[in-house]
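Given chain A's structure and the hints, the job is docking chains B and C onto it.
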Amino acid sequence: MSSLLFATPKELTGWLAKLASGYRVLAPRQEGPSVVYRPQTAEQLASADIDALLRRATASPKQAMLPQCETLVTFKSVKDAEDPSKLTTTLENPCQAEPTVLFGCRPCDARGFVVLDRPYLEGKFKDPYYGARREATVIVTQACPSAFASCFCNWVGSHPSDKEGSDILFTAVEGGFVLEVVTDKGQALVEGAGFADAADKVADVEAAHAAAAASLAPAPELTHVMEKVASRFTDTEFWEKETVKCLSCGACTYLCPTCQCFTITDEGSQLDGRRLRSWDSCMTPLFTLETSGHNPRPSKADRMRNRVSHKFSFYPERYDGFFSCVGCGRCVVSCPVSLDIRHMVKAAVEGSSLTFDDAAPAESPAVEAVPAPEAPAVAEPAPEAVAEPEQAAAPKAQKPAPKAAPRASSKSKAKKR
Amino acid sequence: MSEHNCGCSKNPYLPEVATVLEVITESPTIKSFRVRFDNEEAWNSFTYQPGQVGQLSVFGVGESTFVINTPPSCKDYIQFSVMRAGEVTSAIHKLQPGDKVGVRAPLGNYFPYEQWKGKNIVFVGGGIGMAPIRTIMLHVMEHAPEYGKLSLLYGARSPEDMAYKADLPGWLESDVLHTTLTIDREAPNWPHRVGMIPNVLKELAPSPDNTIAVLCGPPIMIKFTLAAFRELGFKDENIITTLERRMKCGIGICGRCNLGGKYVCLDGPVFSQAQLNELPPEM
Amino acid sequence: MSVLAGKELRIVGFLCNWCSYGGADTAGTARAVQPTDLRIIRVPCSGRVNPLFVLKALINGADGVLVSGCHPRDCHYSAGNYYARRRLELLKEFLPVIGINPDRFEYTWVSASEGQRWKDVVTNFTNRIHALGPAPRWEDVPARYDRPEELIESIRPLGCGAHPALPELKQAIKDALAAGLEGVLGWKQGFDAIHAEPVFMTTPEEVDSLIWGPFNVHNLAVYLPQYKGRKIGVVVKGCDSKGVVELLAENLISREDVKIFGMGCNGTVNVSRILAKLPEGATIESCVGRGNKIVVTAAGQDYEMSMAEIAQDKCRLCTKPNAVLSDVFVGTPTIEPAAPADGRLPALRFLDSLSLEERMGYWKGQMERCIACHACRGACPMCVCRDYCVSDTRDPAWVTQEDTVQQKLFFQLIHAQHLAGRCTGCAECERACPMDIPVFALKQQFGRMIQKIFSYGAGLDVNATPPLLTYQVEEPTIKEHDLA
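Chains as they are written, first to last, in our numbering: chain A, 1 to 417; chain B, 1001 to 1283; chain C, 2001 to 2484.
The following block holds chain A by itself, in its conformation from the complex:
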């Protein structure tokens, strides 16, 4: 591990309070039973209860880079003095990003930004609004102390102390926190913080990471997820059965750290108006409804098929086999009817009629192999679905996932029709 620093809880909040003078500091705050990321002032941070700052947020921190609603363009027009029906229109681009520290997100959340980076920043067109915020934001991630029942980051090539996407990763140890600086941006943030060196705490950190990994139910062995989910596309009956209880509400997509969809609408008028970008959800029928009345995804089964396929087949197909799901489980916990994406993916994969010759070693398994004994079924809708923790043979010092999530090496496309 690179630079390791130790901070007591008091030092940590003091550091955050100091940062608040130069940054917008987004940190979790309890509001009712929910935990929400809010910009917090130096005073709030200085006096903050550290446990409150470490709670896992109800909604993902996606809003730090992609606000629920933002102005893309403002327009103003002036009328011609001679002919008031003629307007001169000027456009302004309010693209501004405040220097921001995003504190306390979890490794899955931080990885969510890596997932969003691909469509937003890596294509032919770059999204300057997202890009500016991404650039201006330093991500300080908390290594998960333990997994939730709904967590499944190990299904998608990650683990509770994954550093991908984080600038600093901190781990709770006896008496305080060990901060691991991951990037230069992170280094600049701890510059002058006065934290002690924590080289002597490596063992504690590793133990904490191993304990967290062990608390996570082992992932089922799912291979060729991308192809198998894709092969279910025409299996209408499957999707209809899986979505019987879906309310088509879209809460899953708004809470998701990787759901990238938005809509663009105009408000005001040509004289004084603005073009807004706001979150949108592929679970609503309006999302794809065309003016003619035609809708390529008229039913909730079509829409769920798109959501699950996007995460586990379309996105990986487009981006090198990476999933567009970080396994945070928010869609599972917060679904009003407890619809479980793990169950859908597992059912889609296990019931697939596709066969692969897996002899070739190039075909790496779909899921990072946490040494799993007998692959207990996490998502099986059976009572006490969650495996006993002692079953989850703790890997000693878990290596960060080799980026390979489900890299399907050969492009031997499964037949889709």
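In short, the hints are calculated from the structure, not lab data.
Please note: incorrect hints may appear among the correct ones.
With a straight-line Cα cutoff of 30 angstroms, these simulated BS3-like cross-link-like pairs (lysine-lysine) come out [claimed, not checked]: (1) 79/A to 124/A; (2) 79/A to 1075/B; (3) 1149/B to 1202/B; (4) 1117/B to 124/A; (5) 86/A to 1094/B; (6) 79/A to 1010/B; (7) 124/A to 1075/B; (8) 2231/C to 241/A; (9) 1075/B to 126/A; (10) 2228/C to 2293/C.
For the chain A half of the interface with chain C, some residues (derived, Cβ under 8 angstroms), not all of them [to be verified]: (11) 47; (12) 50; (13) 148; (14) 276; (15) 334.
Quick reminder that beta carbons are idealized off the backbone N, C-alpha and C, glycines included.
Relative to the frame of chain A, chains B and C by itself:
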């Protein structure tokens, strides 16, 4: 406020302000709008390929996607043909010459005309689907010696619904293009064919040898015309079409126009039937 | 600009074309001197005034709203103003819960010949608004994040043990399936022991997965309209059955298509309350219910909690634990307690204890974290417009895509207003909210005002007409609001 720190040279969401130069009423529901960017520098450096689309916006109402249906050689304006249907298209239909609009273009891919050199091309346009055909057809006609035989089959519901009336005499008399016009049902004083496009196509029976078929139109017309082409022996890789989806961003991010892993706005709208066969059937 | 710029307030007037607009015209023709604050919008009839017009004006900064129509018995369309009277009276009673002073809204009657009366009405109303001053702005009101923590005491014993009649219920469902029912909506265990999930049972094996107990929180009536025309069954708790009744009353499903299975309910839990008692993220290994206590085993430790600590608020005040309508009712009915003296849930009690401005601040603080997912709408059995919700239209544009508190709250007002007289109080909107926003309080406010004015509760009688869909020529419970 115009300064921003996003470090981008070009903001793909920021439209060019353009002026409506001319409005042509094509049919009771279709109007064509000729527009030109106000910023001369932007206009002079603006290039596009036949088949690429643009987001045309009425400020305060919203954006909608249309194909640029002028050939790229046209340096005075770009033209969009708009069928009145929803909120934005209704607002566009109210535009008068001199009005300001926003244009984000060019977006999407284009017809692979480089690969058609030396081949015959059959263009088939149905209704408003004639718009994308117009741009590629005019472009190919400008370079007619480089291609084989060119022919057009253009169908509309009735003579009134037929767009590009100003172009039709020229197309009918052209030396490089064989034009067939058809309407769905008999109408007085209609000297051309009567009948649905797929049926007329089968009567015309173009040879599939060394021939590319380019077809655009409403989904139901595409479906049957595609079947007709296949019946005539055309291979799917030689049948080219354009897709329409609800779009917002136009740059492959907002997530609604996808067909499997492909975004119609970014990877399309032009696809060969062979490519479409590889994509999930979600029409 | 008016010479009164800065002194004028923004008052919106909705005037019916046939009487009040004419009355205003008469006043104008007679050169009656009137205040100039009123912006008049002419409508065909006071019955055209959707209460949402008024709410939208007030939420977006109007200082006052006046509605004026034809006198009762004089409506150009015979009965438009009778409907208006009911809706607007209810609206006036509703306003305080969102922190809007009900005096900022008034409705009255002015005929076309009553120029003098119009002058008096507009003068008096304007003076009233000036006395109140400019309406507080949402931007300026300090947000509050405090919420009531108190747990209300249950009016009946709540329990969470195994229901002795469950096998009997399963058998009844199996019989019904064998007799040709396509499927039956029920619950099975979800992803862990404290989460249930809805299931559409079509086979005996699926019926075996049916559970009944404190985790059966979902109101399955929400699914019924989508099965319209198909013969299916639904398992209901008392509260759910009210949703079924209301759907039947509104002809959204037909009686012969749906078979209702009921058992006595002993209360359900608020899962957030269980989770709050466990260490964050603790994996739940099992959960056993006995008597009025559950024991949750999580991360190797047992946590005992009583229903008094974890039950949903609505269950504590429930007077209808048994299905109000059923085809098959198994087991002994649960004892039905008398209506409590105070039927308010904690959020409404808390709101009632706040000043108007504090209530604005409360909603501001709560709605800030709304992510506009509209799960509240998705989970509502009475939100039957489904894919055609008015809040999704661009024209008319009821709500914008902006993420301001006003826009988000206005969506909630649309929901609450459309449920006025229809909401059966299942509170699924609030349970479904992933951000735990107490949105049910808005519906409960409408509900208690409906009870107060019309002595009506929704979902109890399939033959009842919701009070806003009918009227009486003389309304004994509505007093005239005379501004003249």
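I'd like to know which numbered hints this structure contradicts. Please list them from smallest to largest. Numbers 1, 10, 11, 12, in rising order.
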